[in-house]
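> The residues making up each chain are set out below.
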Amino acid sequence: MTARTLLGLLVAGLVLAALAALPLFAGPYAVTLMIGMTGYVVLATAWGLFSGPTRYVSLATVAFFGIGAYTVGVFSETLPYPLVLLVAALIGLAVALVVGLSTLRLAGVYFVIFTFGLAELIRQLVTWYEVNVTGTLGRYIFLPVTPEGIYWQLLALAAATFLFSWGIGRTRWGLALKVIGDDEVVASHCGIDITRLKLALFAVSAVIITLVGAIQAPRWTYIEPSIAFNPTISFLTLIMALLGGADRLWGPLLGAIPLFLLFEWLSANFPNHYPIILGLVFIAIVFLLPKGVLAAVESRLRKGGAR
Amino acid sequence: MKSLQRRHVLRVMAAASALLATGIAPGALAQDRTSVKIGYAISKTGPNAGGAGITTLPNYQLWVKDVNDAGGLELPDGRKLPIEVIEYDDRSASEELVRAVERLATQDEADFILAPWGTGFNLAAAPLFDRYGYPQLAVSSVTDKAPDFVKRWKRSFWMLGGGHDYAGALAGLIKKAAADGTLNTKVAMISVADGFGIDLVTAARPAFAEAGIELVYDKTYPVGTSDFTPMINEAKASGADSFVAFSYPPDTFALTQQSQVADFNPKLLYLGVGTGFPVYGKNNGDNATGIMSLGGIDPANEANAAYRKRHEEVTGQGPDYWGSVITYASLQMLQEAIKRKGLDREAVSAELSAGTFQTVLGETKMEDNQLRTLWWTGQWQNGQFVGIAPADRAGASQPILPRQAWKK
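In order, the protein sequence lines correspond to chains A and B. Residue numbers for the first sequence follow UniProt numbering, beginning at 1 and rising by one. Residue numbers for the second sequence follow UniProt numbering, beginning at 1 and rising by one.
Just so you know, the hints here were simulated from the structure itself, not pulled from any lab data. Ideal placement from N, C-alpha and C gives every residue a C-beta, glycine not left out. Keep in mind that the hints are not guaranteed to be accurate.
[To be verified] Example chain B residues on the side facing chain A (calculated, C-beta under 10 Å, incomplete):
#, residue
1, Lys37
2, Lys44
3, Asn48
4, Gly50
5, Gly53
6, Tyr88
7, Asp89
8, Gly120
9, Ser191
10, Asp199
11, Tyr217
12, Thr220
13, Gly239
14, Pro250
My request is simple: use the sequences and hints to build the entire structure.
Structure (structure tokens):
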């Protein structure tokens, strides 16, 4: 078992090294593609980290993503870059704790609606602050970060996310999370501190999402609330994680990569029909693969084996 | 799918002919070119689609049609090459735009890329235009920072002025009318709490103060507000002769209707984006007369009148009275610069920066990579939205003050 784990880690390390070397021989467009793809892989995996085991469908992705982007917009002139990322992570953490404490007792559709509202609430708060206090809405980000630099940061964040996600699966917390996902009442009767565990996971997931926003923001040069808090990001993350299977380590990855490439191909070749096709894809995923690709493949295999 | 294959084949052919050309006849490659690739990414869906679909996209389509109907883009050696358009939808998302522009530059190898719609999006695209050496003719972006941007991105051109220009012109107008005794020096002002409104209002407050104008009412409202009655009533009670609203199109239309209902008749009525839409004049008919806003045209300019007529015929909708004509003029400048310098982007950028061009605006020239000959304030007069400030510019109309009361 340990030998297998070591081998797995070695392979993962090699893949990571190969991906990191990509910008050295691929063109700028490949780097752009990889930035978008890695960004969504991290978002979907971080989303799955919390929502997979607990089955809380969160639409707050863009709230944290936007917080990250905006923090960079506010502090990029005054603080050194690593410190900006740290501040972004801390703000994301603080918001996640406040939000988590007040809402993780909600369940089901109430939680979905709340998280959707949260993104809009934060956007309106930022707008209100900018209008009434600073008197400007747009913020400029002039950071000397190259696309390669952004790509490498995202890759490192992806590696850290996977490592965390993989690590937590083999601890008592991981087991506890599975119990919570299956039946909260049973979990609480087993003596699991449900709320604290959910809160911790929600916070970690939120911090990772915040960092994705912070890392990607320098690519846009200029941000305003409507740019940073674009709700499409929440929906795309959700559908990617669902396609792959949110409750598995590699599920969101397997959802994010094909969907991202599909969207890219669609927007390059069918720019005028994109929204229609996107809607059809969403419907198809929900109807045909409700538990995700991985689960579908597994059940197919199991059926085949039984015969 | 078909176009993809064709593009692929074309690329292979181009590569093959390049190989042949280097071996056999250097320079033969340029002769093999059959079209000029012009690419753009624009918001066809999402929240920005409304603005892009009025000011920018119809003009891109009109220009491509005009050029191709005339046989194509003329090059310095007199040849004409048709335009091949590559169009992407950025879906009103910055990240999509960045990727689309990168795709245009590196995958499609577009000869020229047209600017996206909106201040934020032009800024998001600017570093890419700069890195790949494309001139960027940014029309639909109102920014006071253009002089800084020009230093940062040498091939960027900013063509719609900044908030200070528009606010300063309005302040000057009110000051002069107050000195004549037409208006009192009190102004009631409301503004939308979003990019445009904030830019303008932060420029207007100091400009009014400097002109000795008293701001007796100053409120912002969130995007999507539909009931303006409380604000209208308070402005009415404030004793101001002038009412200024830096509003978005839906607000502009709502304010017009609700002011009529409330019988609110300020002597000077200034509304924001949307006032210059042709449909605004059509909907309000005679009641539009006297209403002021940003932009305007010179009614005596025949080239502009011909352009407006053709725009309506070809695209099925009239151009707005602010950014539309500038967008078309920016394309004519690009066309003329290509005719003078060919497809060398560096030379075309230098020509755009230094040259003088004959466009639908008349004689057009950049100053420090910015278009500064603009109408800062316009007013509806006789069914047209005409430029009234700067008053010393040739073709300026006389402002009608005080404006007539609503006719019911």
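> Would you mind marking each hint as holding or not holding in the structure?
The hints, checked one at a time:
Using the Cβ-Cβ criterion of 10 Å, the hint placing Lys37 of chain B at the interface with chain A is not satisfied: the shortest such distance is roughly 15 Å. Because the smallest distance between the Cβ of Lys44 of chain B and any Cβ of chain A comes to about 7 Å, under 10 Å, the interface hint for this residue holds. The restraint placing Asn48 of chain B at the interface with chain A holds, with a minimum CB-CB distance near 9 Å, inside the 10 Å limit. The restraint placing Gly50 of chain B at the interface with chain A is violated, with a minimum CB-CB distance near 13 Å, outside the 10 Å limit.
Annotation: interface hint on Gly53 of chain B violated; nearest CB of chain A at approximately 13 Å, more than 10 Å. At about 5 Å, the closest approach between the beta carbon of Tyr88 of chain B and any beta carbon in chain A falls short of 10 Å, and the interface hint on this residue holds. For Asp89 of chain B, the interface hint holds, the least distance from its beta-carbon to any beta-carbon of chain A being 4 Å, beneath 10 Å. Annotation: interface hint on Gly120 of chain B holds; nearest CB of chain A at approximately 5 Å, less than 10 Å.
Because the beta carbon of Ser191 of chain B sits about 9 Å from the nearest beta carbon in chain A, less than 10 Å, this interface hint is met. The criterion of a C-beta within 10 Å of any C-beta in chain A is met by Asp199 of chain B, whose closest approach is roughly 8 Å, and the hint holds. Contact between Tyr217 of chain B and chain A, as hinted, is not supported at the beta carbon level, the nearest pair being about 16 Å apart and thus beyond 10 Å. Checking Thr220 of chain B against chain A: minimum C-beta separation of about 6 Å stays under 10 Å; hint holds.
Below 10 Å, beta-carbon pairs count as interface contacts, and Gly239 of chain B has none with chain A, the closest being about 25 Å; its hint is therefore violated. Interface restraint check: Pro250 of chain B against chain A, minimum CB-CB distance 15 Å, threshold 10 Å, status violated.
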